[in-house]
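The listed protein sequences derive, respectively, from chains A and B.
So the first sequence is residues 1 to 460, counted in this note's numbering.
So the second sequence is residues 1 to 110, counted in this note's numbering.
Simulated from the structure, these hints should not be mistaken for lab results.
Predicted, not measured: the structure shown is a model, and the values here were computed from it.
With a straight-line Cα cutoff of 27 Å, these simulated DSS-like cross-link-like pairs (lysine-lysine) come out:
hint	chain 1	residue 1	chain 2	residue 2
1	B	20	A	436
2	A	82	A	25
3	A	321	B	94
4	B	102	B	20
5	A	54	A	410
6	A	356	A	410
7	B	20	A	314
8	A	321	B	20
9	B	94	A	25
10	B	94	B	20
11	A	436	A	54
12	A	436	B	94
13	B	102	B	49
14	A	436	A	410
15	A	58	A	436
16	A	54	A	321
17	B	20	A	54
18	A	107	A	82
19	A	107	A	25
20	B	20	B	49
21	B	94	B	49
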Amino acid sequence: MTTDATSGKVVRLGAGMAFWGDSVKPAAEMVRATDLDYLCCDHLAELTMSILAKQKAKNPAYGYTRDVLALLEGVLPAAVEKGTRIITNAGGANPDAAAERIAELAKDLGLSDIRIAVVTGDDISGRIDELMAAGVPFANMDNGRRLAEVRDRLTHAAVYTGSEGIVEALEGGADVVVCGRVTDIALYLGPLIYEFGWAWDDWDRLGMATAVAHAAECGGQATGGLYAGGWQEVDGLEELGYPIVEVADDGTAVITKTPGSGGRVDVGTVSEQMVYEVLDPHNYVTADVTADFSGVRLEEVGPDRVRISGVTGKPRPESLKVNMGYRAGFVGEITFTYTWPDVYAKAQRGLSFLRKRLERAGFECSEEVVEYLGHNSAWGSVIPEPDDPDRNELVVRYAARCADAENARKVFTESVPLYNNGPAGVAGVGTRPPLKELYGLWSSLIPREHVQQSVRFITV
Amino acid sequence: MTSTAVRRVADLAHGRSGDKGDICNIGIVAYDVAGYAELREHLTEERVKAHFGELVQGTVTRYEMPNIRALNFVCTGALNGGGTLSLRSDHLGKVMYAWLLKMELPVSDA
Numbered sequence: 001m002t003t004d005a006t007s008g009k010v011v012r013l014g015a016g017m018a019f020w021g022d023s024v025k026p027a028a029e030m031v032r033a034t035d036l037d038y039l040c041c042d043h044l045a046e047l048t049m050s051i052l053a054k055q056k057a058k059n060p061a062y063g064y065t066r067d068v069l070a071l072l073e074g075v076l077p078a079a080v081e082k083g084t085r086i087i088t089n090a091g092g093a094n095p096d097a098a099a100e101r102i103a104e105l106a107k108d109l110g111l112s113d114i115r116i117a118v119v120t121g122d123d124i125s126g127r128i129d130e131l132m133a134a135g136v137p138f139a140n141m142d143n144g145r146r147l148a149e150v151r152d153r154l155t156h157a158a159v160y161t162g163s164e165g166i167v168e169a170l171e172g173g174a175d176v177v178v179c180g181r182v183t184d185i186a187l188y189l190g191p192l193i194y195e196f197g198w199a200w201d202d203w204d205r206l207g208m209a210t211a212v213a214h215a216a217e218c219g220g221q222a223t224g225g226l227y228a229g230g231w232q233e234v235d236g237l238e239e240l241g242y243p244i245v246e247v248a249d250d251g252t253a254v255i256t257k258t259p260g261s262g263g264r265v266d267v268g269t270v271s272e273q274m275v276y277e278v279l280d281p282h283n284y285v286t287a288d289v290t291a292d293f294s295g296v297r298l299e300e301v302g303p304d305r306v307r308i309s310g311v312t313g314k315p316r317p318e319s320l321k322v323n324m325g326y327r328a329g330f331v332g333e334i335t336f337t338y339t340w341p342d343v344y345a346k347a348q349r350g351l352s353f354l355r356k357r358l359e360r361a362g363f364e365c366s367e368e369v370v371e372y373l374g375h376n377s378a379w380g381s382v383i384p385e386p387d388d389p390d391r392n393e394l395v396v397r398y399a400a401r402c403a404d405a406e407n408a409r410k411v412f413t414e415s416v417p418l419y420n421n422g423p424a425g426v427a428g429v430g431t432r433p434p435l436k437e438l439y440g441l442w443s444s445l446i447p448r449e450h451v452q453q454s455v456r457f458i459t460v
Numbered sequence: 001m002t003s004t005a006v007r008r009v010a011d012l013a014h015g016r017s018g019d020k021g022d023i024c025n026i027g028i029v030a031y032d033v034a035g036y037a038e039l040r041e042h043l044t045e046e047r048v049k050a051h052f053g054e055l056v057q058g059t060v061t062r063y064e065m066p067n068i069r070a071l072n073f074v075c076t077g078a079l080n081g082g083g084t085l086s087l088r089s090d091h092l093g094k095v096m097y098a099w100l101l102k103m104e105l106p107v108s109d110a
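Isolated chain A, as found in the complex (with noise of 0.2 Å):
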């Protein structure tokens, strides 16, 4: 435990997934290991919800991200036993089927008497109608364009919402709260409004635990995974420790992880995640508060322990962020190797080869691109193109978007001949790929008065 200038009291917040799919056992480790107050567990990317409203569609039990399920089996127990609180947004498009697996588990681990939240109002998918005919456009943020373009083809409709309702949920006593498309900062500004207290237009203490939240949410990423500054330089990958962040009544706190795992804590790891996938730093806008990163300050206070401060804040957002997803058709992908000699001039053949044989299947796609991996796949065409005849290979992939499933398996079919009946020297041939579906994001605005996030419990 650390010991703060602002008061006694330090809230441990640990950060337990940052995707969906992301490894459980950090997380698991860190519970055992470490004295948490909060486990907080992001499931959720914004691709994310269209492939668990898709799930949903399929199945009504489905709809959640189901590694919630393995995550909570290796975490539970240990949580319920220190007394750390877990809360995660795995519900995705179904946080009450999430919510009734998650009770299953904890009878089937033995456990009883806990409670469990659900936090809902993000999903708007069946409001559109009435929220339109309100007033509620939900013209697209980035471009202008009216929604009717994709009205047809959506998927869902969720909205970002913050911290209300797991703050409510920690108030009704929930051990777990599982949440649908809340804010991933949300996840850590929730518990940590309901620790210390703070007014709900407390915009600097807000804004600089938001900061906190950001170094956090993303795991590995702030604790030595992806580290540009001296990869060769961090021990234990593959024990990598996810962040644990301390964090005191002013906001501010020390980022470590949990004690003996791999990867490391400096300024340099943490400087990398405290830009990733920040836009405007003076205005890096959440449901709860509108923060200000420009002046964020590290310091080194220990091995693997980083100081965060110098972050404030402004009044939050009127409007709060809706994402939809629209189907927007299906990518047909295939990739080939041809060998030395001439490989690039046997690429074009083949890659003409190919374009006549889908021409005369009559093939429709809106956009399409080549990269040659290894060489420009990374950067396209800022890289020269890869003509030297003496390079040994050269591997193709061409890939097109297409608006049916129709068109996009034609890319693999009419791939094939290539094999025997194209230029020499071709390698690579496989089979089938599965096709795969296209979503679009669709991001808007809606004033915060149409969303009413409700909590509700189960006790096991």
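Please arrange chain B on chain A, whose structure you already have, making use of the hints.
What follows is chain B alone, placed relative to chain A:
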């Protein structure tokens, strides 16, 4: 470093990039104050935009986080329609930062 060596942004800084819809933000963090000053002078919005060529279809806006010696470049129209739609291998813009780190700097006073 000799006067003839190529100098790159990577000699002065590290970085990270990510996505928000069709926007890619690229954070460049200087290793020290002198490096931050040099990058602040050299990495103008215009130069960064030119360096990315067709990869960035929209605008480049630069923000500063001086206490962590960071410059944040917000690039619009940078992800081929956005992470969920993009046909690119790097559909989330995770390695866009590295192209900026590879940018050559003018040879100073050699």
